[in-house]
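Chains as they are written, first to last, in our numbering: chain A, 1 to 259; chain B, 1 to 69; chain C, 1 to 203.
Possibly wrong hints are sitting among the right ones.
Stated by the list, open to error - If you want the footprint, here are the derived chain C segments under chain A, 3+ residues with CB under 8 angstroms:
{"hint": "1", "segment": "14 to 23"}
{"hint": "2", "segment": "27 to 34"}
{"hint": "3", "segment": "83 to 93"}
Simulated from the structure, these hints should not be mistaken for lab results.
Positions of the beta carbon are idealized from the N, C-alpha and C atoms, including for glycine.
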Amino acid sequence: MIGVPTSAGFVPPSPADFWQPLIGDGGFAITRPMFLMVLTTAAICLVLVLGTRRLTLVPGRGQWALEGVYGFVRNSVGRDVIGAAHVRPYLGLLLAIFTLVLVNNVMGITPLVQYPTFSRIGFPIVLAVAVWAVYLVAHVRRNGLIGFLKHLVPPGLPVFAVPVVFVLELLTFLVIRPVTLALRLFGNMFAGHTLLLLFALGGEFMLLHGGAFLKVVSVPTFAIFFFITAFEILVSFLQAYVFVLLTSLYIAEVYADDH
Amino acid sequence: MTGSLAIVGYGLSAIGPGVGVGLIFAAYVSGVARQPEARGMLQTIAILGFVLCEQFAIFGIALAFVFSG
Amino acid sequence: MTPVLTAEEGFWATAYPVIPHPGEIIAGTICFIVLLVVAYKVAVPRLETMLAQRQAAIQGGMEKAEKAQAEAAAALEEYRAQLADARAEAARIREEARAEGAKIIAEMRERAAAEAERITEAAGRQVEAERQAAVTSLRTELGGLATELASRIVGESLTDSARQSRIVERFLTELEQSSPEEVRATAAPAEPAAPSTSRGTSR
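Next comes chain A alone, as it looks inside the complex:
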């Protein structure tokens, strides 16, 4: 960790703590989150390939867990939001996003790793752009460009409000949705990890360099650290769930006139 306290004084965690290049420096340096990303992707791919190699009708324990994740994405998110009739082409996207986000978020509280990959905004941007492209392409392919533009303005609006709403909706579709999608994931992971760092480093500093009173105070600080770690588990799942939920909602809008 870069923010290791010195006797000169406590250095709070900062964005610089998230910059951890392994090889080289600069725009194309191999960084620790990149390495983690490749590692987790490889692990997920391995599980998805090997885990589905011999599927049986009566699942074993491993298959049961895999099916649990897949069933959650497929039924609780995809089918319930998009609808059973249209969900099939998006299942792979939802499954990939959910597993990737979940595993990488959990990396943030995994001992020895403790780095949430998605606290680097480059990765959430990739996912958000992918979702953005998918729902725009789906929209245009299904309803046509004109239909898509028409869909932006709800019917029954007074004439003077139409341009305003149109611009706002277009902005929502093209800018706000992908940006919020990326920023939400990034912000949650970044803030959560910063908080963890703060309590870990602060507790350590108080214990090692503080006076008698601060040494005592460091105990509840570490307690809060554990509490926040537990909270981060919740946030990891929640963010993965929210990401696929919003993806499904955006995709479901393509088929909104269907039901």
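Got chain A sorted already, so can you dock chains B and C onto it with the hints?
Chains B and C only, in chain A's frame:
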């Protein structure tokens, strides 16, 4: 005392989402209490509302860093 | 914010965290595409195939169970029908037996009554015949005796049969007219109606 005013700004900006999230879950709790069988549907909606509300706080974090430099 | 620590590490160390790192974007894109390919080419088709098979299996199992249930219901229905039939049969047999028994009893009673009547009648007839015989023999004997006695007393032969019988007849008629009750009572004790009632009332 030194520091960044952006952090104070972020603290202020977090009030709104905080209130919003509280309202959403209050409505969710009372909704489930009234109709326990609607829990699954309400949960999705509540989390959706929570997320849409929370995103402003998240923007706050991002912008706080942007303006703190 | 932390210039002392990060000054020598260049732009990316102090960059705002909202500025994406190009290398990370490239790495993320590659990884995500690989994962998408795996998900679309391998995981989802395999899982969907398995789920479809499982659903078919479950549906088949459910159909089988339904069929078995229907069979069981049919068997139960049949059994119930048989039971009802048997019950009806038993009730019918019992009814028949009861009717037959009643018939037999009635028949027996009838036969007994007929027998009794026959016996009574026969007895009556016998008594009548005996009475008749007694009357006849008495009449003959009495006539003979009387004529003999009379002829002895009178000394006149009354053997002339025509006269003899006329006399006897007259005598007997007188005798009957004087006390018909007595004569009949003594002559026919088995006659049921008059004597028994008279006896019953007298008692």
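Here is what the structure says about each hint:
Beta-carbon proximity to chain A at under 8 angstroms applies to 10 residues in the segment 14 to 23 of chain C; the threshold of 3 is reached and the given coverage holds. As drawn, the segment 27 to 34 of chain C meets chain A at 6 residues by the rule of a beta-carbon pair under 8 angstroms; at three or more, the given contact holds. Note: the segment 83 to 93 of chain C has 0 residues with beta-carbon separation from chain A under 8 angstroms; the three-residue rule is not met and the coverage is violated.
Of the hints listed earlier, the one the structure fails to meet is number 3.
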